[in-house]
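A.B. asks: Sequence:
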Amino acid sequence: MIQAAPKFSSPKLSSPKPSSPCNKTCLLDAVSGLCEGCGRTRNEIALWGSMTEPQRQAVMAGLPERLHQAFPHRAFPNRVAP
Numbered sequence: 001m002i003q004a005a006p007k008f009s010s011p012k013l014s015s016p017k018p019s020s021p022c023n024k025t026c027l028l029d030a031v032s033g034l035c036e037g038c039g040r041t042r043n044e045i046a047l048w049g050s051m052t053e054p055q056r057q058a059v060m061a062g063l064p065e066r067l068h069q070a071f072p073h074r075a076f077p078n079r080v081a082p
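For what it's worth, the numbering used here labels the leading residue of the sequence shown as 1, then goes sequentially.
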C-alpha cells in the first residue's frame, strides 16, 4: 500500500504593507518641487520603495509642516497643526 505524502502547511508569508503618505493626488509643484498630494520630493518618491520603515517614518513626520510651508492657503485634512 502506498502512503500519501504528509501534508505540510506552509506559513503564510505576509509582510506588512509599507507605510506611505501617497493619497493618489500626484502632481509635482514646479516652484517647491513637492508633490501637492503627499508633500514628498521627486527623489523621496523614487527612493520610497528602498527606504527602511524608520526612514519612511522620518520623512512622513515632516510632511505636514512641509505642505503647510509650501501651500499655506490650502487646507490639509490630515495635517496636525504645528
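Read the hints as simulated data drawn from the structure, not as lab findings. Note that the structure is predicted; figures quoted are calculated from it, not measured. Quick reminder that beta carbons are idealized off the backbone N, C-alpha and C, glycines included. Please note: incorrect hints may appear among the correct ones.
[Stated by the list, open to error] With beta-carbon atoms standing in for the labels, derived distance ranges:
#1 Ala61 - Leu27: 21 to 29 Å
#2 His73 - Thr52: 32 to 40 Å
#3 Ala75 - Cys26: 14 to 22 Å
#4 Leu27 - Met60: 15 to 23 Å
A.B. asks: A separate judgement is required for each hint: does it hold in the structure or not?
C.D. replies: Going through the hints against the structure:
Checked against the given bound of 21 to 29 Å, the beta carbons of Ala61 and Leu27, roughly 22 Å apart, stay inside it. Checked against the hint of 32 to 40 Å, the C-beta distance between His73 and Thr52 comes to roughly 34 Å, which is consistent with it. The given range of 14 to 22 Å is respected by Ala75 and Cys26, whose C-beta atoms sit roughly 19 Å from each other. For the pair Leu27 and Met60, the beta carbons lie near 19 Å from each other, so the given range of 15 to 23 Å is met.
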